[in-house]
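Colleague: So the chains spell out like this:
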Amino acid sequence: KNEVEQSPQNLTAQEGEFITINCSYSVGISALHWLQQHPGGGIVSLFMLSSGKKKHGRLIATINIQEKHSSLHITASHPRDSAVYICAVRSMNYGGSQGNLIFGKGTKLSVKP
Amino acid sequence: EPEVTQTPSHQVTQMGQEVILRCVPISNHLYFYWYRQILGQKVEFLVSFYNNEISEKSEIFDDQFSVERPDGSNFTLKIRSTKLEDSAMYFCASSGVNEKLFFGSGTQLSVL
Numbered sequence: 001k002n003e004v005e006q007s008p009q010n011l012t013a014q015e016g017e018f019i020t021i022n023c024s025y026s027v028g029i030s031a032l033h034w035l036q037q038h039p040g041g042g043i044v045s046l047f048m049l050s051s052g053k054k055k056h057g058r059l060i061a062t063i064n065i066q067e068k069h070s071s072l073h074i075t076a077s078h079p080r081d082s083a084v085y086i087c088a089v090r091s092m093n094y095g096g097s098q099g100n101l102i103f104g105k106g107t108k109l110s111v112k113p
Numbered sequence: 114e115p116e117v118t119q120t121p122s123h124q125v126t127q128m129g130q131e132v133i134l135r136c137v138p139i140s141n142h143l144y145f146y147w148y149r150q151i152l153g154q155k156v157e158f159l160v161s162f163y164n165n166e167i168s169e170k171s172e173i174f175d176d177q178f179s180v181e182r183p184d185g186s187n188f189t190l191k192i193r194s195t196k197l198e199d200s201a202m203y204f205c206a207s208s209g210v211n212e213k214l215f216f217g218s219g220t221q222l223s224v225l
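If you read the sequences in order, they're chains A and B. Going by the working numbering, the first sequence opens with residue 1, and the numbers climb by one from there. Going by the working numbering, the second sequence opens with residue 114, and the numbers climb by one from there.
The set of hints was computed from the structure by calculation and includes no laboratory data. Accuracy of the hints is not assured; some may be wrong.
Unchecked claim - Taking CB as the label site, the calculated pair distances span:
{"hint": "1", "chain 1": "B", "residue 1": "S122", "chain 2": "A", "residue 2": "H78", "range": "23 to 29 angstroms"}
{"hint": "2", "chain 1": "A", "residue 1": "G28", "chain 2": "B", "residue 2": "E172", "range": "36 to 42 angstroms"}
{"hint": "3", "chain 1": "B", "residue 1": "R135", "chain 2": "A", "residue 2": "K112", "range": "36 to 42 angstroms"}
{"hint": "4", "chain 1": "B", "residue 1": "E172", "chain 2": "A", "residue 2": "I65", "range": "24 to 30 angstroms"}
What the hints assert, rightly or not - Mimicking DSBU-like on lysine-lysine, the simulated pairs with C-alpha atoms at most 35 angstroms apart in a straight line are:
{"hint": "5", "chain 1": "A", "residue 1": "K53", "chain 2": "B", "residue 2": "K155"}
{"hint": "6", "chain 1": "A", "residue 1": "K53", "chain 2": "B", "residue 2": "K196"}
{"hint": "7", "chain 1": "B", "residue 1": "K155", "chain 2": "B", "residue 2": "K196"}
{"hint": "8", "chain 1": "B", "residue 1": "K196", "chain 2": "A", "residue 2": "K112"}
Unchecked claim - If you want a taste of the chain A side facing chain B, the calculated C-beta under 7 angstroms gives, among others:
{"hint": "9", "residue": "G42"}
{"hint": "10", "residue": "G99"}
{"hint": "11", "residue": "L101"}
Glycine included, each C-beta is placed from N, C-alpha and C at the ideal position.
Please construct the entire structure, taking both the sequences and the accompanying hints into account.
Modeller: Written as structure tokens, this is what we have:
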């Protein structure tokens, strides 16, 4: 059983489209991370959130704690946004380190020019 | 922006050999982590390290693995007696308190 589920698994969009990637989780959490994994393998942290909404440039992340659901939105998508987007959560059952995360399988996004 | 540095980027080793993967976390960070990603699979947490000791570890992180901060800058992952199934990308990360994680670019370990 996957504690973190992402949808869709794969997503192809045209440049300029508005994109939404969803993440649902089954455990109580203290924080949720959105990560971007580049084709070369490197990982960049986009957001860490525990409630509400955060915005950075064209990226917006929202979380609904009651529904155990988070979304990552990309406005005015661009080919350079092509990457794997990973949702990861920190379970409330863990007592210490904030890096003890449960990862989703990722959403592979491809933005065509 | 400050970076987490990992070396080497690629490591090939023979089954049964020991390997040491190296990381230089961001200088003012206090928390350090190792993760692995087997090809085609999701990222998995291995271990977190704070105040010169392991603070949490996963079931994957058994006696074959160890971590060390030998000086004020390096953070290492040692894998003893490597097995074929240890082949993976290993990521180091660091963070401050209640802050987002900063990841290194990874070390691709191939065990032959």
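Colleague: Assess, step by step, whether the Cα of K53 of chain A is no farther than 35 angstroms from the Cα of K155 of chain B, and give holds or violated.
Modeller: 25 angstroms, holds
Colleague: L101 of chain A was flagged as interface toward chain B. Is the shortest Cβ-Cβ separation under 7 angstroms?
Modeller: Given a least distance of 6 angstroms, the restraint on L101 of chain A holds.
Colleague: Assess, step by step, whether the Cα of K53 of chain A is no farther than 35 angstroms from the Cα of K196 of chain B, and give holds or violated.
Modeller: 43 angstroms, violated
Colleague: Just to be careful, I want the Cα atoms of K155 of chain B and K196 of chain B compared with a cutoff of 35 angstroms; is the pair within it?
Modeller: 20 angstroms, holds
Colleague: Is 36 to 42 angstroms respected by the C-beta to C-beta distance linking G28 of chain A and E172 of chain B?
Modeller: 20 angstroms, violated
Colleague: Given the hint of 24 to 30 angstroms, is the C-beta distance from E172 of chain B to I65 of chain A inside that range or not?
Modeller: The hint (24 to 30 angstroms, Cβ to Cβ) holds, given that E172 of chain B and I65 of chain A are roughly 27 angstroms apart.
Colleague: Would the pair K196 of chain B and K112 of chain A pass a check requiring their Cα atoms to be no farther apart than 35 angstroms?
Modeller: Measuring from Cα to Cα gives roughly 40 angstroms; hence the hint is violated.
Colleague: With respect to the beta-carbon atoms only, verify the hint that S122 of chain B and H78 of chain A lie 23 to 29 angstroms apart.
Modeller: 27 angstroms, holds
Colleague: Given G42 of chain A as an interface hint, is its Cβ closer than 7 angstroms to any Cβ of chain B?
Modeller: 4 angstroms, holds
Colleague: Verify the interface restraint on G99 of chain A: the C-beta must sit less than 7 angstroms from at least one C-beta of chain B.
Modeller: Holds: closest Cβ of chain B sits about 4 angstroms from G99 of chain A, inside 7 angstroms.
Colleague: Against the range 36 to 42 angstroms, how does the distance between the Cβ atoms of R135 of chain B and K112 of chain A compare: consistent or not?
Modeller: At 39 angstroms between Cβs, range holds.
In terms of the numbered hints stated before, the structure departs from hints 2, 6 and 8, listed from lowest to highest.
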